[in-house]
Amino acid sequence: MKKIRGGGELPPKPTSIQLMKGFVGGTLGILILGVMGQTTGIPWLMAPFGATCVILFAAPSSPLAQPRNVIAGHLITSTVGLAALYGLGNSVWVIALSVGVAIMLMQYLRAVHPPAGANPIVIMLAGQSVVGLDYLVTPTLIGSITLVMLASVVNNYGEESNWPVYWHGFGRKKRQ
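Going by our numbering, the sequence shown opens with residue 11, and the numbers climb by one from there.
Derived by calculation from the structure, the hints in this document are not laboratory data. Here the structure is a predicted model, which means the values were calculated and not measured. The reader is advised that the hints may include incorrect statements.
Claimed, not checked - Distance windows between CB atoms, simulated:
1) S26 <-> S72: 29 to 35 Å
2) I14 <-> V102: 38 to 44 Å
3) L20 <-> L119: 30 to 36 Å
4) A93 <-> R15: 39 to 45 Å
5) L20 <-> L135: 31 to 37 Å
Glycine is no exception: its CB is placed at the ideal position from the N, C-alpha and C atoms.
Kindly produce the complete structure, drawing on both the sequences and the hints.
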């Protein structure tokens, strides 16, 4: 019982600028993708993008909110979901296994993005009649890039802002 008691402090209250970034980023991110979908007739929205907006605009300094994690995380998990759907079907066992494999691959490839963990579920619940291989491009790739581009504008509003912390993660190592 001792381990689950917690005891840490709540995070500090967000500033009004941080609150506005969350509001504006989340609203614009989903609005842009929704309007793109209405304009082109191509589905640009997927449920995990709502959770992506939470991380991008409410916790932008988190490793989970960095461009590499957002874009690669969504691509990895959508690929796993499509491979499982078309290779193994969409039974509850396949759905569960694909989520586990997707998490493991995001960890291994150092591109963990929690909202992307829902992608295999979304893909398999939609089924082959709704979701094809083009799902990797639209909405997955272009949608995640759109949200990252918006985050680079919204999250850099104000002098104290410097987002992203890293783009690709292949930079120079810090000297000790």
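Structure-based check of each hint:
Judged by the Cβ atoms, the range 29 to 35 Å given for S26 and S72 is violated: they are separated by roughly 21 Å. A beta carbon spacing of about 29 Å between I14 and V102 contradicts the range 38 to 44 Å that was offered as a hint. The supplied range of 30 to 36 Å is met by L20 and L119, whose beta-carbon atoms lie about 32 Å from each other. Checked against the given bound of 39 to 45 Å, the beta carbons of A93 and R15, roughly 41 Å apart, stay inside it.
Distance hint check: the CB atoms of L20 and L135 are about 35 Å apart, consistent with the given range 31 to 37 Å.
Figure legend: structure checked against the earlier numbered hints; hints not met, in rising order: 1 and 2.
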